[in-house]
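Take the sequences, apply the hints, and build the full model.
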Amino acid sequence: MLRLFLVEDEFVVREGIKNNINWSSEGFEFCGDAPDGELAYPLILSERPDIIITDIRMPFMDGLELSRLVKKELPGSKIIIISGHEEFGLAREALKIGVTEYLLKPISAAELLKAVKHVGNQLIAERIEKENYERYRNEIEGYEMDTRRRFFDEMVEGKISPAEILERGKELRIELGAQYYQIILFKYNNTVGAEVDTDELTMLSQELNQINSRYPKIILFDRALEGSAFIIKADTLEQLALTRKEFLAQVRNVMARYQEVRYFGGIGTPVSRLKHLRESFETAARAFSHRFILDRCDILDYENLAVLMEFELDASMQKVQQLESMDSKRAELFLRNGEASEIKFFVEEIFKVFTGVGEKSVLLRQYFVLNIYITVINFIKDMGMTKVLEAEPFKGQELMKDVITDVKKAKDYVERIITTAIETRDVLRTNRYRKVIEKAKEFINNHYKDDTLSLNEVAAYVNFSPSHFSAVFSREAGKSFIRYLTDLRIKKAKELLKCSDMLCQDVSIAVGYKDPHYFSYLFKKTCNCSPVQYRAERKQEDSLKTLQSPFQKSD
Numbered sequence: 027m028l029r030l031f032l033v034e035d036e037f038v039v040r041e042g043i044k045n046n047i048n049w050s051s052e053g054f055e056f057c058g059d060a061p062d063g064e065l066a067y068p069l070i071l072s073e074r075p076d077i078i079i080t081d082i083r084m085p086f087m088d089g090l091e092l093s094r095l096v097k098k099e100l101p102g103s104k105i106i107i108i109s110g111h112e113e114f115g116l117a118r119e120a121l122k123i124g125v126t127e128y129l130l131k132p133i134s135a136a137e138l139l140k141a142v143k144h145v146g147n148q149l150i151a152e153r154i155e156k157e158n159y160e161r162y163r164n165e166i167e168g169y170e171m172d173t174r175r176r177f178f179d180e181m182v183e184g185k186i187s188p189a190e191i192l193e194r195g196k197e198l199r200i201e202l203g204a205q206y207y208q209i210i211l212f213k214y215n216n217t218v219g220a221e222v223d224t225d226e227l228t229m230l231s232q233e234l235n236q237i238n239s240r241y242p243k244i245i246l247f248d249r250a251l252e253g254s255a256f257i258i259k260a261d262t263l264e265q266l267a268l269t270r271k272e273f274l275a276q277v278r279n280v281m282a283r284y285q286e287v288r289y290f291g292g293i294g295t296p297v298s299r300l301k302h303l304r305e306s307f308e309t310a311a312r313a314f315s316h317r318f319i320l321d322r323c324d325i326l327d328y329e330n331l332a333v334l335m336e337f338e339l340d341a342s343m344q345k346v347q348q349l350e351s352m353d354s355k356r357a358e359l360f361l362r363n364g365e366a367s368e369i370k371f372f373v374e375e376i377f378k379v380f381t382g383v384g385e386k387s388v389l390l391r392q393y394f395v396l397n398i399y400i401t402v403i404n405f406i407k408d409m410g411m412t413k414v415l416e417a418e419p420f421k422g423q424e425l426m427k428d429v430i431t432d433v434k435k436a437k438d439y440v441e442r443i444i445t446t447a448i449e450t451r452d453v454l455r456t457n458r459y460r461k462v463i464e465k466a467k468e469f470i471n472n473h474y475k476d477d478t479l480s481l482n483e484v485a486a487y488v489n490f491s492p493s494h495f496s497a498v499f500s501r502e503a504g505k506s507f508i509r510y511l512t513d514l515r516i517k518k519a520k521e522l523l524k525c526s527d528m529l530c531q532d533v534s535i536a537v538g539y540k541d542p543h544y545f546s547y548l549f550k551k552t553c554n555c556s557p558v559q560y561r562a563e564r565k566q567e568d569s570l571k572t573l574q575s576p577f578q579k580s581d
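Residue numbers (the numbering used here): 27 to 581.
Since the hints were made in silico from the structure, they are not lab data.
Ideal Cβ positions, reconstructed from N, Cα and C, are used throughout, including at glycine.
It is possible that some hints are incorrect.
Here are the in silico distance ranges between beta carbons for each label pair [stated by the list, open to error]:
| hint | residue 1 | residue 2 | range |
| --- | --- | --- | --- |
| 1 | Ser491 | Ala136 | 46 to 56 Å |
| 2 | Arg501 | Lys407 | 21 to 31 Å |
| 3 | Lys131 | Leu65 | 20 to 30 Å |
| 4 | Gln566 | Ser491 | 41 to 51 Å |
| 5 | Val39 | Leu71 | 15 to 25 Å |
| 6 | Arg322 | Pro188 | 33 to 43 Å |
| 7 | Asp324 | Pro101 | 45 to 55 Å |
| 8 | Val462 | Arg322 | 50 to 60 Å |
| 9 | Lys301 | Pro242 | 15 to 25 Å |
| 10 | Lys540 | Gly102 | 18 to 28 Å |
| 11 | Glu155 | Arg249 | 27 to 37 Å |
| 12 | Lys461 | Pro492 | 16 to 26 Å |
| 13 | Glu226 | Met528 | 47 to 57 Å |
| 14 | Leu359 | Lys301 | 46 to 56 Å |
Right, here's the structure in full:
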C-alpha cells in the first residue's frame with residue numbers, strides 16, 4: 027500500500043481531501059498532513075511517504091521550496107502540486123524540481139483521485155523496473171563472472187593464443203596489452219573452529235573489491251571455490267613491483283582487521299609475454315600450495331620460496347620431535363581441501379622440509395612416509411571407502427621394502443597414495459551431490475519460464491543454503507547457476523525462433539524474460555546475433571535445404 031502525505035494551508039480544503047476520499051479502499055495509506063511546508067518537512071522525513079500532495083502558495087514555506095528539499099532527501103518520492111495560479115513560470119519551476127503532477131484549482135475529488143492513482147501506478151512501475159534491473163544486472167554480472175573464469179583458465183592452461191587472448195579480452199572489456207605480467211592467487215576462509223558472520227565476510231569482500239578498483243592495472247578473476255586470481259600488468263618491471271607492493275600492503279591491512287579469517291596467497295614469477303602466463307600461474311600455484319604447509323596467514327612470492335623454506339627447514343630440524351603431528355596435520359588439511367592439480371607441488375614442498383632433517387636416514391624416511399601413509403589410510407576409512415585400501419598402492423610390503431630405499435621412490439609413493447585419496451574423495455563428493463544437482467536441474471528445467479526463478483529459490487528446494495548450493499552447483503555442473511539457467515533459456519528461445527512464428531517479445535516472455543530488450547541483449551551476447559537475425563538465418567538455411575533436396579540422389 028502506497029503512503030500519502032498532504033500539505034495544505036486551508037483547513038477546509040485539507041479536511042475535504044482527507045475525508046471525502048476513502049483512501050484505504052483505493053490502495054493508499056494516509057500517513058499525515060500539515061498546514062505549511064515548514065511543519066510538513068520534518069514529518070515527511072519521519073514518515074517517508076511515497077506520494078506528497080502539496081499546495082503551492084503557503085505561509086512560512088511554500089510548496090516549491092518544500093518540493094526542492096524533499097527531492098534532495100527522498101528522490102524516489104512523487105510530488106503532486108495543487109495550484110490556484112495558472113502561471114507558466116511556476117509550472118516550469120515545478121518541473122525543474124522534479125514534481126510529477128501540476129494540478130490547477132478548483133479540482134474535484136474524482137480528478138484528484140485519478141491523478142494520485144496515475145502517479146501511484148507510475149511509482150509502482152518504476153519500482154518494478156528497478157527491481158528487474160537489479161535482478162538482471164546480477165544475472166549479467168554472474169554470467170560475465172563465469173565467462174571470465176573460463177577465460178582465465180584457458181589463458182593459464184595455454185589453450186588459446188596471444189591473439190585470441192587479446193580479442194576475447196576486449197569482448198569482456200578486459201585490456202590485457204602490456205609489457206609485463208604477474209599472477210597472484212589468493213583465498214580466504216574461516217579459521218578452523220571460528221565462526222564468522224556472513225555479513226562480515228560480505229563486508230570483507232566489498233573492501234577487497236574496493237582496493238582492486240583503485241588499480242586499473244590489476245585484473246581480478248573470481249575462481250569460485252579456489253579463491254581469486256589477479257593479473258598485474260605494467261610497462262616496466264619496476265612499475266610491476268611497485269604496483270604489487272602497494273596493492274598487497276593494502277590487502278594485508280584489510281585482512282589484519284578480520285582476526286577470525288585465514289588468508290593465503292601465492293605470487294608467480296613476472297613474465298613478458300601473454301603466452302608465458304602459464305608459467306606465472308604455475309609458479310603462483312606452487313607458492314599458493316604452501317597454505318597447507320605453513321600454519322599462518324601469508325602471501326608468498328615464489329622467487330623467495332627457497333630462502334623461506336630454508337628458514338622453515340632450520341625450524342623443522344629443531345623440532346624433530348614434533349614431526350609426526352606437523353606432517354599429519356598438513357597432510358590431513360591437504361586431503362580435505364587440496365586440489366588434484368596441487369598434489370605434486372605439495373609433496374615436493376613437504377619433502378623439502380623432511381630431507382633436510384634426515385635425507386640420509388632410512389629410519390627417519392620410513393617414519394616420515396609411514397606417518398603420511400597412516401594419515402591417508404585414516405582419511406579413506408573416515409570416508410567409508412575401505413575397499414580402496416585393498417588395491418594398489420596400499421600394500422605394506424611395498425612400503426617397507428622398496429619405497430624407503432631412496433627419496434625419489436618415497437616421494438613418488440606419497441604422491442600416488444595422496445592422489446588416490448583425493449580422487450576417491452572427489453568421486454565420493456560427486457556421487458553425494460549428484461542426486462541434489464539432478465533434482466536442482468529438474469526443478470530449473472520445469473520452472474525456467476518463471477521470470478522470478480532465482481538461485482535462492484532452487485537452493486531452498488534442495489534444502490541447501492544459497493552460498494553452499496552455488497558452490498556445489500558450479501563445481502558439479504561445470505558452470506554457475508546463472509550460466510546454466512541462461513544457457514537453458516537461450517536454447518529454448520532458439521527452438522521457438524526456429525520452429526514457431528511467435529513474435530520475439532513473446533518468445534522472450536515464454537523463456538522467462540519479461541523485458542524483451544534484456545532478452546535481445548543477452549541473446550546477442552551469447553549467440554553473436556540478435557533473435558531476429560537468428561530466425562532469418564535459420565529460415566534461409568531451411569530454404570536452401572528445400573531447394574537442394576529435389577536434386578539429391580536417392581539411395
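Check: Do the Cβ positions of Ser491 and Ala136 conform to the proposed distance bound of 46 to 56 Å?
Finding: holds, 52 Å
Note to self: Tell me if the beta carbons of Glu226 and Met528 are separated by a distance inside 47 to 57 Å.
What the structure shows: holds, 48 Å
Item checked: Whether the CB-CB distance between Glu155 and Arg249 falls inside 27 to 37 Å -> holds, 34 Å
Checklist line | C-beta pair Val462, Arg322: status relative to the range 50 to 60 Å that was hinted | finding: About 35 Å separates the Cβ atoms of Val462 and Arg322, which means 50 to 60 Å is violated.
Notebook entry, point to check: Is the distance from the Cβ of Val39 to the Cβ of Leu71 consistent with 15 to 25 Å?
Noted result: For Leu71 against Val39, whose Cβ atoms are near 24 Å apart, the range 15 to 25 Å holds.
Check: Do the Cβ positions of Arg322 and Pro188 conform to the proposed distance bound of 33 to 43 Å?
Finding: Taking Cβ atoms as reference, Arg322 and Pro188 lie about 38 Å apart, which means the hint holds.
Check: Lying within 45 to 55 Å: is that true of the beta-carbon distance Asp324 to Pro101?
Finding: Roughly 46 Å apart at Cβ, these two residues keep to the hinted range, so it holds.
Notebook entry, point to check: Regarding Leu359 and Lys301, is the given constraint of 46 to 56 Å on their beta-carbon distance met?
Noted result: violated, 34 Å
Check: Does 18 to 28 Å hold as the CB distance between Lys540 and Gly102, or does it fail?
Finding: Roughly 22 Å apart at Cβ, these two residues keep to the hinted range, so it holds.
Margin query: Looking only at beta-carbon atoms, does the pair Lys131, Leu65 fall within the given range of 20 to 30 Å?
Written below: holds, 21 Å
Note to self: Against the range 16 to 26 Å, how does the distance between the Cβ atoms of Lys461 and Pro492 compare: consistent or not?
What the structure shows: Since the Cβ atoms of Lys461 and Pro492 sit about 19 Å apart, the hinted range of 16 to 26 Å holds.
Next item on the list: Could you check the hint for me, namely that Gln566 and Ser491 are 41 to 51 Å apart, CB to CB?
Entry: holds, 48 Å
In this structure, the earlier hints numbered 8 and 14 are contradicted, and the remaining ones agree with it.
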